[in-house]
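The task is to assemble the complex, starting from two chains supplied on their own in separate frames and drawing on the hints.
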Amino acid sequence: MRSWMVGRQKLLLHPATKPVLFIICLLPFAWLFYRAFANQLGANPAEALIRATGDWTLRFICIVLAITPLRVISGTPTLARFRRMLGLFAYFYVLLHLLSYSWFDKGFDVADIARDIVKRPFILVGFSAFVLLTPLAATSFNAAIKAMGARRWQWLHKLLYLIAALALLHFFWMRAAKNNFGEVIVYGVIIATLLGWRAWHRWGRSPRMAVPGAAANVR
Amino acid sequence: LAGGKSALAGAVTMEKITDYKDATNYNNYYEFGTDKADPAKNAHTLVTKPWSVAVEGLVKQPKTYTLEDLLKLSPQEERIYRLRCVEGWSMVIPWVGYSLSELIRKVEPLGSAKYVEFVTLADPKTMPYVGSRVLDWPYVEALRMDEAMHPLALLAFGMYGEVLPNQNGAPVRMVLPWKYGFKSAKSIVKIRFTDKEPRTAWNKAAANEYGFYSNVNPNVDHPRWSQETERRIGEDGLFAKKRKTLIFNGYEAQVGQLYAGMDLKKNF
Numbered sequence: 001m002r003s004w005m006v007g008r009q010k011l012l013l014h015p016a017t018k019p020v021l022f023i024i025c026l027l028p029f030a031w032l033f034y035r036a037f038a039n040q041l042g043a044n045p046a047e048a049l050i051r052a053t054g055d056w057t058l059r060f061i062c063i064v065l066a067i068t069p070l071r072v073i074s075g076t077p078t079l080a081r082f083r084r085m086l087g088l089f090a091y092f093y094v095l096l097h098l099l100s101y102s103w104f105d106k107g108f109d110v111a112d113i114a115r116d117i118v119k120r121p122f123i124l125v126g127f128s129a130f131v132l133l134t135p136l137a138a139t140s141f142n143a144a145i146k147a148m149g150a151r152r153w154q155w156l157h158k159l160l161y162l163i164a165a166l167a168l169l170h171f172f173w174m175r176a177a178k179n180n181f182g183e184v185i186v187y188g189v190i191i192a193t194l195l196g197w198r199a200w201h202r203w204g205r206s207p208r209m210a211v212p213g214a215a216a217n218v219r
Numbered sequence: 068l069a070g071g072k073s074a075l076a077g078a079v080t081m082e083k084i085t086d087y088k089d090a091t092n093y094n095n096y097y098e099f100g101t102d103k104a105d106p107a108k109n110a111h112t113l114v115t116k117p118w119s120v121a122v123e124g125l126v127k128q129p130k131t132y133t134l135e136d137l138l139k140l141s142p143q144e145e146r147i148y149r150l151r152c153v154e155g156w157s158m159v160i161p162w163v164g165y166s167l168s169e170l171i172r173k174v175e176p177l178g179s180a181k182y183v184e185f186v187t188l189a190d191p192k193t194m195p196y197v198g199s200r201v202l203d204w205p206y207v208e209a210l211r212m213d214e215a216m217h218p219l220a221l222l223a224f225g226m227y228g229e230v231l232p233n234q235n236g237a238p239v240r241m242v243l244p245w246k247y248g249f250k251s252a253k254s255i256v257k258i259r260f261t262d263k264e265p266r267t268a269w270n271k272a273a274a275n276e277y278g279f280y281s282n283v284n285p286n287v288d289h290p291r292w293s294q295e296t297e298r299r300i301g302e303d304g305l306f307a308k309k310r311k312t313l314i315f316n317g318y319e320a321q322v323g324q325l326y327a328g329m330d331l332k333k334n335f
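Quick note, the sequences are listed as chains A and B, same order. FYI, the numbering for the first sequence is 1 to 219, going by the UniProt record's numbering. FYI, the numbering for the second sequence is 68 to 335, going by the UniProt record's numbering.
Just chain B, same shape as in the assembly (with noise of 0.2 Å):
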């Protein structure tokens, strides 16, 4: 899987890229486990093929997308995107897709839609943790309209010049590099256009810890340690200072306009 390098403005950074391995072998996908070495063990099971993609709800044109339709849809392009997990570790990683707007201007959403739900595969057979009593599952994730249709919001497909690993939430996922990654979710089978604010699975599961917004912001505390600081996986070594964490993790020039005025304190 292949593109050029993305023009859009902050979607290259220049930071050292994290190691593949790494990148493949330390992974949150709790279907597949919640030890982070598990998805890598067990996500050989999930198929990929065929796939498809409803997308539905307030749109005009709604439609079931094969994984083939969607990845001719717009060309595809490289971002080399940061990676900051709610836990506070992070990844350089460079990924292939286009922007999740180009989906959403040809599904034509109504004036009432305000916000995309992602629903991702949720298959006792092939998934050895759905039905643990983890999270609720099927994993939902959702952005507001203007977050989703905002051209860093990622619809990918690859990672590495690659096809998606099956770890890293094959074969079509979410990447949205200002937020803590459980919001970007992975392999979606369903992207529903609704009038209200959907329930989204760690929001379901610890309200008090994980907001809707869950916007990278080192200024809020995660209720059980401070989010000021993160490790990059692979070259903070075991006896380097952790780095600082930035606001909207260093995206603000690009995203911050969406946020004008809110109070992201309590929109955590």
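Chain A extracted, bound-state conformation (with noise of 0.2 Å):
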């Protein structure tokens, strides 16, 4: 068991990891810009584009909430040294969202965002959630850390959760009219888990059980 643990983490801390996961991250855009460009994304695909830019969005930010329950469960910390790379890769997909949408449905007219984003609050909150989402990318270097000190730097980044449920609740919008909440439900899972996970254990577990200074290394 344990030298299987040393090897994980072995496999997990050779360099030639953090380029491979780059190119997975990279292939949904790959995919979806072949399909573009080979005329695959059916009759409509604008919309096509803008809801897979959004789906990628709020997979990226499941998966990095994911990643230190995962570190803490299966006594791997190595995982920690991924998250950036998964966290700036959220905000790709996020860009890749809004520039999509600017383009595509809007034509790039500014004047109609803006209107666009006053009037409509499903709109408001996707806005919003992206906003919140830039200050944690551009703070992820580690000179950021150093200059902010670790405790600012990690309490801004815990808007994470935030951005998370605001991502959410856009998601859920956008099909709550359509009574359409089947994908809705299996990401407000997920995210509920891995904010549940966090909460239990910070506050939630036994005195006996809690470990000192623990709780400070979970975010």
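Just to be clear, a hint being listed does not mean it is correct.
[What the hints assert, rightly or not] Some chain A residues judged to face chain B by a derived CB distance under 7 Å, without partners named:
#, residue
1, Phe122
2, Asn179
3, Asn180
[Said to hold, decoys possible] Okay, derived cross-link-like pairs now, DSS-like style, lysine-lysine, Cα gap no bigger than 30 Å in a straight line:
#, chain 1, residue 1, chain 2, residue 2
4, B, Lys332, A, Lys119
5, A, Lys178, B, Lys309
6, A, Lys178, B, Lys257
7, A, Lys178, B, Lys311
8, A, Lys106, B, Lys308
9, B, Lys311, A, Lys119
10, B, Lys88, A, Lys106
11, A, Lys178, B, Lys308
12, B, Lys271, A, Lys178
13, B, Lys263, A, Lys119
14, B, Lys263, A, Lys178
15, A, Lys119, B, Lys333
16, A, Lys119, B, Lys103
17, A, Lys106, B, Lys103
18, A, Lys119, B, Lys271
19, A, Lys106, B, Lys309
20, A, Lys178, B, Lys103
Just so you know, these hints were derived from the structure itself, not from any lab. Note that the Cβ used here is the ideal one computed from N, Cα and C, for glycine as well.
As structure tokens, then:
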């Protein structure tokens, strides 16, 4: 058992893991780009691109939120080294989502986009999630952690919990009028589980089990 | 299924006809799934033979028509209509059928009949999503009597010169080109004449988003998106600007008088 754990840690520390993960994270983008180019996005390619980039944003948010629980439960601290890249990919896909909407749906008509954001709660919520994610992406390099101080940096990056909730609300609202909640429930359960685990880890466990200082490492 | 081109005013637009492939693979027909590609995949299970339509309610001559009765009730003609979906996209489709008014005259509505209700098939054995909580099944749509009598209100049996594909509402459906697409009931099994405004499927699901009339109107936004513009499927590519939506989907000259004096913002 122990040697298997050490072996896994070694594998995750291999210098090739980050480039490989980087390429894997780019695959959905490459696939969408190819299908758009080959005219394989169906009758309404604009809608297909806007929806798919939104889906992938939500998926990457879930993946990032899963790192800490996975790391703690499986005893694999090295998993933490991938979190930054995965978080930046969430931002990459939300940028594509916003770009697709602004370009294909709104033809870059800034006044029209602004009106849409103010007028429609569902757009406002999605846009707020994007705005809140921006400082997280902007402070994802080491010097920023040093400059801000680890405590403040951690506090800022806990905003991801709120961002995940807003992204889910945005998705829920998009589907609400059609009472089409299947996928919304799946994402809702995943996000609730990942955030619930943190709450349980922070406050819920019996004192006997608590390890001093452990809670501070949970984010 | 064939018919000569309609001579009715407004019934044949000269615009480019949408590709058959797009018109039969990008559909909203929730009984077969909520994804646009689902109906084309799932609707092969729909059984359209034998088929009958019960015409009942406030009429002198109630009758259950077989599909064969309906097909020869009146000469069929081709009408090329714009179709505007409430979701903000549009197509141009050549339908085959005749004006619903032909059938209405045959059954002789009573003076008390003010509305016509269309009840569509809800068969959980052949329609996998009937029973899902998306809508209250069966899917019901309705028109005011004068709307139903308007010659542009088409009872359709075919499109593109062929029998209706299952995913497009076979074997008999309504086509109301001046209203959002969901007002046009598919796979109709009952037509009922009534004196009260019927509760319609989408109106029941979200009354603030889908009104009884649901006439195409660029000046009344859907709560979650604007109705000012639309994307013509297959024509307005990724980088093209969307086109302006017209009041009554461009059929104002024909249907405008039906709504004279009505506040269209209130009666959306």
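Hints and how they fare:
1. Phe122: Status holds, d = 5 Å.
2. Asn179: holds (5 Å)
3. Asn180: Hint holds; Asn180(A) Cβ to chain B Cβ min 5 Å, cut 7 Å.
4. Lys332(B) x Lys119(A): holds (17 Å)
5. Lys178(A) x Lys309(B): holds (24 Å)
6. Lys178(A) x Lys257(B): holds (24 Å)
7. Lys178(A) x Lys311(B): holds (25 Å)
8. Lys106(A) x Lys308(B): Holds, at about 8 Å.
9. Lys311(B) x Lys119(A): holds (20 Å)
10. Lys88(B) x Lys106(A): Since the Cα atoms of Lys88(B) and Lys106(A) sit roughly 26 Å apart, the hinted pair holds (cutoff 30 Å).
11. Lys178(A) x Lys308(B): Holds, because 27 Å separates the two Cα atoms, which is no more than 30 Å.
12. Lys271(B) x Lys178(A): holds (11 Å)
13. Lys263(B) x Lys119(A): Violated. Lys263(B) to Lys119(A) sits at ~35 Å, over the 30 Å cutoff.
14. Lys263(B) x Lys178(A): Satisfied, since the Cα-Cα distance of roughly 26 Å is no more than 30 Å.
15. Lys119(A) x Lys333(B): holds (19 Å)
16. Lys119(A) x Lys103(B): holds (27 Å)
17. Lys106(A) x Lys103(B): Distance of about 22 Å is within 30 Å: holds.
18. Lys119(A) x Lys271(B): holds (24 Å)
19. Lys106(A) x Lys309(B): Judged against 30 Å, a Cα distance of about 8 Å means the pair holds.
20. Lys178(A) x Lys103(B): holds (13 Å)
Checked against the numbered hints above, the structure breaks only hint 13 and satisfies the rest.
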